[in-house]
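Chains as they are written, first to last, in my numbering: chain B, 1287 to 1590; chain P, 29 to 316.
I should point out that these hints are in silico values taken from the structure, not numbers from a laboratory. Warning: the hint list may mix true and false statements.
Residues from chain P that face chain B, not an exhaustive set, calculated with beta carbons under 10 Å [as the list claims (entries may be wrong)]:
hint : residue
1    : Val170
2    : Leu256
3    : Phe279
4    : Gly289
5    : Val296
Covered stretches of chain P, going by a simulated chain B footprint (3 or more residues, C-beta under 8 Å) [unchecked claim]:
hint : segment
6    : 89–95
7    : 240–252
8    : 298–306
Beta carbons are placed, not taken as given, at the ideal position from N, Cα and C, and that holds for glycine.
Listed below, chain by chain, are the residues.
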Amino acid sequence: MLSFLTRRLIVALLVAATVMTLAFVLTRLSGDLATSIAGANATQADIEVIRKAYGLDRPVLTQFFDWVGRALTGDLGNSYFFQTRVSTLIAERMPVTLTLGITGLLIALFVSIPLGILAAVREGTGFDRAVQMVALLGQAMPSFWLGLLLMITFGLQLGWLPISGTGSWENFVMPGVVLAFSAIPALTRLTRAGMIQAMGSDYIRTARAKGLSRASILLKHALRNAAIPVVAIAAVQLGFMLGGSIVIEQVFALHGVGFLAWESIAKNDFPVVQAVVLVLAVIYVALTMVADLMNAVLDPRLRV
Amino acid sequence: MSAVATVNAGPKRGWKSLSTWIGAVIVGAAMICAIFAPLLVPHDPFAQDLAKRLQVPFWMAGTDPAHLLGTDQLGRDYLSRLIWGCRISMLIGVTVTVVSGLIGITIGVLGGFFGGRIDDAVLFAITTRLSIPVVLVALAVVGLLGTSMTLLVLTLGLLLWDRFAVVARSTTMQVRNLDFVAAAWCAGCSRLRVLSREVLPNIASHLVVVATLEIALAILLEATLSFLGLGVPPPLPSWGLMIAEAKDYMFFSPWVIVIPGVALFTLVLGINLLGDGLRDLFGARTDT
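Just chain B, with the same shape it has in the complex (with noise of 0.2 Å):
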């Protein structure tokens, strides 16, 4: 178990770092930053103040291990926009993204656990391909869309939900409901296949010989062993939903992680965009780890 904990915590660690230097790669892309930064009518001088300014002058590598040698000890470095820490700013942020991307993980488990253990019980029925139609539609929703066509609809017409704002939990429902549809195709294909296979496994028939209800043998004995997947790619999801969040945010103006890198890009505010890329594969990395180890955990076979 330690040499598989350890083993997972490396490549974790190697991950981190190739996303870091990547990271960092991707902004230098434009070729010369303290020229984007000072925009179209900036004097030569102007230029060269912001070059000094922001320690654009030194070499990249330099630069690069001086990112990387503060980022370590968790200073982010400073937003050129809006002159306070990155970190801080993320911090400040940071609260709005998890409310939507746990509002949206537990909305998606609410739904696809149901369908798909009920998909599962009516295998091959009108029901079960029913399950996996919507699916499929839910799969090919364009999300920002969706977010549209629900602020129309609720928000407008039958006046229901804020359309736009984070102030109560209201504001969290319409985006909750949309990045929930990003993983309700995955989590119920996900729960059906595993409750099938178990059902179709010994230790069921054992149970049904042993005479026990229906529902004991549906909640107790299968679904146990079904769930175990299903709560780990609901972690990594839940990675995925944090990076996706962005176009949400968007769309609802909710003013989280996604919406602060949109402005950022926006304002050639380089240090936020590489830190917001960082902090989001980190989470994302963490999530996996702790899907691993549920599985670990749960499935002694796994720890290899």
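Using the hints, position chain P against chain B.
Coordinates of chain P only, in the frame set by chain B:
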């Protein structure tokens, strides 16, 4: 293929299934629109007519028969822009998939075929790629380098190779140990020959299925990036860009976002239906 049949239980699969046909018809129609767009458009999709702004489509009262789907906020014919948008979506979907397929299949096959250290490196590359937030990085690249179709295709291609790599790797591992590959080794075939003549043809059907799903994903992502203003540059009529430009008018005339959205949804659904049908037909597995 009995194992696959029990997992994907259902009465009709492959070409016997209605949903495969629906998918094929949608994709076929989209391909015709994409290839023959210049001949099919009733008006110039770029011509503005400010006297005829926001004309309503055919199912509403007061419609102009010259503009079946109405006009946009600049008086451009919506049907013509929709058809031209299909061309752009299909073009980006296919080219992105070619780029991502080349990258993903190459590294996936290498990892699966050689194993050992090479495979470790391939797995590491896949893990790293999955930890990178696609939309954010694509936005950042386009935001820093400027909007252009070529840049968009290259960026998405460089970001979307993971599923190709995963499937190519796992299927190559299965094929590598089969008897006919061993026979080819014994006959003295070179590595390159075994790879290109024995392995690749036998994993091709799986890769075709992945390709359809990736085209759908690339089309959705292009629309998303264009919607956020960092995808296809205006005045090109990308469906995502059409939705973004019409957003300010959506509360008074919802059809301006409904029409391009329905088109996008239908095309992606059609490609996925066709992909699922092909998967059942080939007995391929793409779940990872």
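Hint-by-hint comparison with the structure:
no. : hint    : verdict
1   : Val170  : holds, 9 Å
2   : Leu256  : holds, 6 Å
3   : Phe279  : holds, 5 Å
4   : Gly289  : holds, 4 Å
5   : Val296  : holds, 4 Å
6   : 89–95   : violated (count 0)
7   : 240–252 : holds (count 4)
8   : 298–306 : holds (count 3)
Going through the hint list in order, the structure does not satisfy hint 6, though it satisfies all others.
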